[in-house]
Amino acid sequence: MHELSICQSLMAQVESIALEHRAQSVTSVVVAMGPLSGVEAQLLKNAYPIASAGTVAENAELIVKTLPIRVKCNQCGSESDATPNKLICKQCGDWRTTLVSGDELMLMSVELEKSKDPKSVH
Amino acid sequence: MCDTCGCNITHGNESLIRPGGKLAKTESGKEAVTVLHSLLHENDHTAQHNREHFDQHNVLAINLMSSPGAGKTALLEATIQQLDKNIRIAVIEGDLETENDAERIRKHGVKAIQIATGSACHLDAHMIHQALHNLDLSEFDIVFIENVGNLVCPASFDLGQHQNVTLLSVPEGDDKPAKYPVMFRTSDLVMISKSDLLPILDDFKVDNAKRYLQDIASTAPVIELSSKDKSGMPLWFDWINQQIETRKAYLQEHPVHHGHHHHEHSREHSHSHEHHAHAEDTLNNDS
Numbered sequence: 074m075h076e077l078s079i080c081q082s083l084m085a086q087v088e089s090i091a092l093e094h095r096a097q098s099v100t101s102v103v104v105a106m107g108p109l110s111g112v113e114a115q116l117l118k119n120a121y122p123i124a125s126a127g128t129v130a131e132n133a134e135l136i137v138k139t140l141p142i143r144v145k146c147n148q149c150g151s152e153s154d155a156t157p158n159k160l161i162c163k164q165c166g167d168w169r170t171t172l173v174s175g176d177e178l179m180l181m182s183v184e185l186e187k188s189k190d191p192k193s194v195h
Numbered sequence: 003m004c005d006t007c008g009c010n011i012t013h014g015n016e017s018l019i020r021p022g023g024k025l026a027k028t029e030s031g032k033e034a035v036t037v038l039h040s041l042l043h044e045n046d047h048t049a050q051h052n053r054e055h056f057d058q059h060n061v062l063a064i065n066l067m068s069s070p071g072a073g074k075t076a077l078l079e080a081t082i083q084q085l086d087k088n089i090r091i092a093v094i095e096g097d098l099e100t101e102n103d104a105e106r107i108r109k110h111g112v113k114a115i116q117i118a119t120g121s122a123c124h125l126d127a128h129m130i131h132q133a134l135h136n137l138d139l140s141e142f143d144i145v146f147i148e149n150v151g152n153l154v155c156p157a158s159f160d161l162g163q164h165q166n167v168t169l170l171s172v173p174e175g176d177d178k179p180a181k182y183p184v185m186f187r188t189s190d191l192v193m194i195s196k197s198d199l200l201p202i203l204d205d206f207k208v209d210n211a212k213r214y215l216q217d218i219a220s221t222a223p224v225i226e227l228s229s230k231d232k233s234g235m236p237l238w239f240d241w242i243n244q245q246i247e248t249r250k251a252y253l254q255e256h257p258v259h260h261g262h263h264h265h266e267h268s269r270e271h272s273h274s275h276e277h278h279a280h281a282e283d284t285l286n287n288d289s
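Sequences listed follow chains E and R, in order.
Going by the working numbering, the first residue of the first sequence is number 74, and it counts up by one from there.
Going by the working numbering, the first residue of the second sequence is number 3, and it counts up by one from there.
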């Protein structure tokens, strides 16, 4: 449900970047997220056409990269893969771990079309 | 989450993100702009702003989250009745519709502001910011924010609170932390509410709930509490007092710069600060 409001917030950021760079249009938007971000990639993709309609990013491709869940053990120090509700150390089995990756929700980059800009000819 | 210093880039994800990584390539004739901002950048900025306001007035802000019907409002009513009267309370209520919860709180003589979110399934920092316009924070010691009953969406939105408290009521079942790990991971305190029902609904095992919390690497303390028979209330009050003390000590070491914001949150509040909100987001890290 909250993916639409998150997508609208994403569009506001994309639009301000496009404006700042005097871009004609946005060709792609790259988002990286982890499973523990609380956002579903598919729902974000579904929300994208609605949120981007009528904006400079209307025809942009939304690329969502999913980052893995990784934890570092506070006891033995080793790092391992984990699942959303099992964030325990695979090495020693201890539950006292720190998340290294997996809760990100980031706008990584946007690709802009700037055909009228002489700098882009070269 | 921080977006400015790069601390959200960890060695777990940096190979994907850094210039030259597979998420940062550029095609000819186009310009790729590296951003590395949270999708909730604007919300997080406003949340930080709210937090500064709370800090300026030495107010502790507690965000209460749970499923609908887990007993958040009942907990607040019991808290208002029993907490040390020297601790002045205000409540911000979030619901899709109605003023019912705010009216329940007001009956106890406590200031309550109702936010009707319409169809939104969570509170966000902007809604709290609006609500703060109607609260003179100098009159309070604690602001409780009762979020929309929902174990999913509220977890993603920082409101500017200092602490997150999640209620898990006994009728819901002890495996909720395994089903909603994102929510329970954000919790600084987990409260097993309606604990008076434990003898009746005996398939709820407190130890199981604690084990599921350990599985998500939660270090949050767990309190069993009943707003009805008032058991567990002293533990809750101990926790609140501890948070007030911790906050006080923190603010003594990290004083709030009063000059930073030029306004008070009163009705004549000006929105001048909203203009600077985006100025610092300049994207000068093209690569």
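The set of hints was computed from the structure by calculation and includes no laboratory data.
Keep in mind that a hint or two might mislead.
What the hints assert, rightly or not - Calculated cross-link-like contacts (lysine to any residue; reagent style SDA-like; alpha-carbon spacing at most 25 Å):
#	chain 1	residue 1	chain 2	residue 2
1	E	Lys145	R	Asp190
2	R	Lys207	E	Gly166
3	R	Lys32	E	Leu135
4	R	Lys181	E	Val137
5	E	Lys159	R	Asp205
6	E	Lys163	R	Val184
7	E	Lys163	R	Asp217
8	E	Lys138	R	Thr36
9	R	Lys32	E	Ala126
10	E	Lys159	R	Leu98
11	R	Lys32	E	Lys159
12	E	Lys159	R	Thr221
13	E	Lys159	R	Leu191
14	E	Lys187	R	Ala222
15	R	Lys230	R	Thr248
16	R	Lys32	E	Glu131
17	E	Lys163	R	Asp143
18	E	Lys145	R	Ala222
19	E	Lys138	R	Asp46
In this text the structure is predicted, and so the values were computed from the model without any measurement.
Tested hints:
1. Taking the CA atoms of lysine 145 of chain E and aspartate 190 of chain R, the gap is near 20 Å; set against the 25 Å cutoff, the hint holds.
2. The suggested pairing of lysine 207 of chain R with glycine 166 of chain E holds, with an alpha-carbon distance near 23 Å, which does not exceed 25 Å.
3. Restraint check for lysine 32 of chain R and leucine 135 of chain E: the C-alpha separation of about 16 Å stays at or below 25 Å, so the hint holds.
4. Proposed proximity of lysine 181 of chain R and valine 137 of chain E is supported: the alpha carbons are some 24 Å apart, at most 25 Å.
5. Among the hinted pairs, lysine 159 of chain E with aspartate 205 of chain R is consistent with the structure: their alpha-carbon atoms are about 22 Å apart, no more than 25 Å.
6. Among the hinted pairs, lysine 163 of chain E with valine 184 of chain R is consistent with the structure: their alpha-carbon atoms are about 20 Å apart, no more than 25 Å.
7. Restraint check for lysine 163 of chain E and aspartate 217 of chain R: satisfied, since their Cα atoms lie roughly 12 Å apart, inside the 25 Å limit.
8. The hinted pair formed by lysine 138 of chain E and threonine 36 of chain R meets the criterion: a straight-line CA distance of about 15 Å does not exceed 25 Å.
9. In summary, the hint linking lysine 32 of chain R to alanine 126 of chain E is supported, as the alpha carbons are separated by about 22 Å, within the 25 Å threshold.
10. With a C-alpha separation of about 33 Å, the suggested pair lysine 159 of chain E and leucine 98 of chain R falls outside the 25 Å cut-off, and the hint is violated.
11. Of the supplied pair hints, the one linking lysine 32 of chain R and lysine 159 of chain E is violated, its CA atoms being roughly 42 Å apart against a limit of 25 Å.
12. The straight-line distance between the Cα atoms of lysine 159 of chain E and threonine 221 of chain R is roughly 14 Å, inside the 25 Å bound, and the hint therefore holds.
13. Restraint check for lysine 159 of chain E and leucine 191 of chain R: the C-alpha separation of about 19 Å stays at or below 25 Å, so the hint holds.
14. Of the pairs offered as hints, the one joining lysine 187 of chain E and alanine 222 of chain R is violated, with about 50 Å between alpha carbons and a cut-off of 25 Å exceeded.
15. For a cut-off of 25 Å, the pair hint linking lysine 230 of chain R to threonine 248 of chain R is broken: about 29 Å separates their Cα positions.
16. For the given pair, lysine 32 of chain R sits about 17 Å from glutamate 131 of chain E by alpha-carbon distance, which is consistent with the 25 Å threshold.
17. Of the pairs offered as hints, the one joining lysine 163 of chain E and aspartate 143 of chain R is violated, with about 44 Å between alpha carbons and a cut-off of 25 Å exceeded.
18. Simply put, lysine 145 of chain E and alanine 222 of chain R have alpha-carbon atoms about 18 Å apart, close enough for the 25 Å limit, and the pair holds.
19. Of the supplied pair hints, the one linking lysine 138 of chain E and aspartate 46 of chain R holds, its CA atoms being roughly 22 Å apart against a limit of 25 Å.
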